[in-house]
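A.B. asks: Protein chains in written order, with the UniProt record's numbering: chain H, 1 to 329; chain G, 1 to 329.
Quick caveat, the hints were computed from the structure, so don't treat them as lab data.
A couple of the hints might just be wrong.
Copies of the same chain look alike in the list, so a pair counts if it works inside one copy or between any two.
The calculated DMTMM-like cross-link candidates involving lysine to aspartate or glutamate, where the alpha carbons are at most 25 Å apart (straight line), are [stated by the list, open to error]:
(1) Lys289 / Asp263
(2) Lys226 / Asp288
(3) Lys5 / Glu129
(4) Lys289 / Asp236
(5) Lys16 / Glu87
(6) Lys226 / Asp6
(7) Lys29 / Glu324
(8) Lys289 / Asp273
(9) Lys173 / Glu89
(10) Lys5 / Glu192
(11) Lys29 / Glu255
(12) Lys5 / Asp298
(13) Lys289 / Glu324
(14) Lys289 / Asp31
(15) Lys173 / Glu324
(16) Lys289 / Glu41
(17) Lys29 / Glu87
(18) Lys173 / Asp146
(19) Lys226 / Glu129
There are 2 protein chains.
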Amino acid sequence: MATLKDVARLAGVSVKTVSNVVNGYSFVKPDNRRRVEEALEATGYRPNLGARNLRRGRTGFIALVLPELSIPYFAELAGLVIAAAQEHEWNVLIEQTFGTLTGERQALASLGPHLVDAAILSPEALHVEDFQLSVPAVMLGEHAVDVPISRVGIDNVAAATTAVRHLVSLGRKRIAAIGAHPHRGTAALRLEGYRAALAEAGLPFDSELVVPALNYHRADGAAAMKALLDLRNPPDAVFCFNDLLAVGAMRTAAERFVRVPHDLAVVGFDNNDESAYSSPSLTTIAPDKAAIARAAVDLLHQRAGAPDVALDDVQTPFSLLVRESTVSR
Amino acid sequence: MATLKDVARLAGVSVKTVSNVVNGYSFVKPDNRRRVEEALEATGYRPNLGARNLRRGRTGFIALVLPELSIPYFAELAGLVIAAAQEHEWNVLIEQTFGTLTGERQALASLGPHLVDAAILSPEALHVEDFQLSVPAVMLGEHAVDVPISRVGIDNVAAATTAVRHLVSLGRKRIAAIGAHPHRGTAALRLEGYRAALAEAGLPFDSELVVPALNYHRADGAAAMKALLDLRNPPDAVFCFNDLLAVGAMRTAAERFVRVPHDLAVVGFDNNDESAYSSPSLTTIAPDKAAIARAAVDLLHQRAGAPDVALDDVQTPFSLLVRESTVSR
DNA sequence: CGCGGTCTTTACATCGTTGGAACAACGATG
DNA sequence: CATCGTTGTTCCAACGATGTAAAGACCGCG
């Protein structure tokens, strides 16, 4: 692998002149510039990023800390973050926490200014006192408690209200919710939106219809739906806090011969790619994931230069996609 | 951020002694060791990986080059690769190519020994002459032509044969295939397995029943299925070269009121997480993804030390998961 | 012809770490 | 007590790049 020294020797100039050419700096005589460029070409020189970053005091990496890549929402988001980061010449380092407190703490501990320039976090279990970060960071989603860190995401209360309002507009009276969670900020907000929409419609809040989910996997949705269908007075609609829960719920419905949407209308959240292709296809809240990824990366890019002064809360748009799980074709 | 120098000053020893303690090297007097350890604790020292790797001549990263994270198979695989890489103290850098030739060439070009120690590739379009890599690499899947690079993956011919044999055993006579592709190695092999199973069963090969797919997304499966159902003599079973194609195909079937599995049996390939939860659930070939990830990383770990002598072809196990898309409950 | 100023290049130190040589301390040995 | 081998520590150089300061080249001007 060629180094600056090799190129310099070949071009008959000093190392620094080569460095200047490579970085487009300063004034270089046309004649020297040409010779250096030929030498660069001939040696196939590529800068050693480790050395460059050591000198420059940056790393060229940002961390993306998320629960699990096998969850479609995070996989899709990760792809978009990688694309957005490329525009700022950043490489993305993905850390999986599996949604556990220890996993998240480990990931955070491994994040130092020597490893990454900044971090994007999707925490689920972290406590307030854990947010002692040594690099600029931005959080996706929300947290139950106030933490001193900027945030990017949609308005979860409004989105949940929109979803449930849609169910109300279809004439549903017993609307359930799947995905309540004691420590998850987004869960609390979506539940709040759910309650608001019920109140607005004059429907009673029945705690029996609110089912918790510890993880947001398909299996949890399936289990929760079983519980709901076993009620003496089962729901005629269900709002699931993510698409995976909804897919699980629809699977249980199919197994029990409950017709969707006729007997049971289902709304999800996230608009995973798969949701457009299920049978029936899934009505869902579609956050603009590309906007989230871009906003998060751009925010970090700003912050990487200046110290973290004011905290931001960037609201990205969302929409309700009405599909077959609420309105039959 | 504390450096070795800071720790050394605090402990009253030389920088190298601290380095020795950190790396567990050599002989250090118990008394000094204790002092150093206390100083490490007090300063919260974390090694600067950039500097360490610069000195050691490694980078601490491996690249994972894949088409797209939004494809569940690759997302799941990426998660497993990250986990496997952690065991060798490797961080994973994910590069998306979107399956294009230029994307793949770009990704390969950016891979140098200064950036990554090794690479895992899932190429789809690369030509033979592109495989001039400067770091040890391993390929997942297969390539149409012989390339000088080690491979990890399942026996695609055997797997495809197994899938089609299963359809034959159900008494299906007109078995279609979705996913033929001119340049994709895996496609050719799966097609070969398909033909072998037909021949074995004494069924005729009908080229009308083999539908190409340029991408392996759900939409392509849906479109292909439409073409098949529009035939004068439509199939009674279809073998899809991945699960996404199968999900798309089942979606089309549902839209056309074709009953799965009664009128049409469907088999997929990859065993995406979502395939167990579709309605009907999808019969599929399940490669052992964890084994693939581990084998690939382990192979690179061996090769990272020694130069690439012999080429390996590691076969990982697979199984056929029979679900509702071929056998009704 | 000398001077000041602009352009261009170079030498050197430095980022944080580790390998190797050199050196110091020590008890054991002859 | 000189010598030796072992053990423990320090100093120095190096990895590859870049910032700084200073030196060198070159110009026009008085």
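A.B. asks: For each hint, tell me whether it holds in the structure or not.
C.D. replies: Structure-based check of all given hints:
no.: 1; hint: Lys289 / Asp263; verdict: neither (32 Å within a copy, 38 Å between copies)
no.: 2; hint: Lys226 / Asp288; verdict: neither (31 Å within a copy, 30 Å between copies)
no.: 3; hint: Lys5 / Glu129; verdict: neither (48 Å within a copy, 29 Å between copies)
no.: 4; hint: Lys289 / Asp236; verdict: neither (30 Å within a copy, 39 Å between copies)
no.: 5; hint: Lys16 / Glu87; verdict: neither (27 Å within a copy, 40 Å between copies)
no.: 6; hint: Lys226 / Asp6; verdict: neither (69 Å within a copy, 60 Å between copies)
no.: 7; hint: Lys29 / Glu324; verdict: neither (67 Å within a copy, 73 Å between copies)
no.: 8; hint: Lys289 / Asp273; verdict: both (12 Å within a copy, 21 Å between copies)
no.: 9; hint: Lys173 / Glu89; verdict: neither (52 Å within a copy, 55 Å between copies)
no.: 10; hint: Lys5 / Glu192; verdict: neither (63 Å within a copy, 53 Å between copies)
no.: 11; hint: Lys29 / Glu255; verdict: neither (76 Å within a copy, 69 Å between copies)
no.: 12; hint: Lys5 / Asp298; verdict: neither (35 Å within a copy, 35 Å between copies)
no.: 13; hint: Lys289 / Glu324; verdict: within (22 Å within a copy, 33 Å between copies)
no.: 14; hint: Lys289 / Asp31; verdict: neither (49 Å within a copy, 55 Å between copies)
no.: 15; hint: Lys173 / Glu324; verdict: within (19 Å within a copy, 33 Å between copies)
no.: 16; hint: Lys289 / Glu41; verdict: neither (40 Å within a copy, 41 Å between copies)
no.: 17; hint: Lys29 / Glu87; verdict: neither (31 Å within a copy, 50 Å between copies)
no.: 18; hint: Lys173 / Asp146; verdict: neither (35 Å within a copy, 63 Å between copies)
no.: 19; hint: Lys226 / Glu129; verdict: neither (38 Å within a copy, 56 Å between copies)
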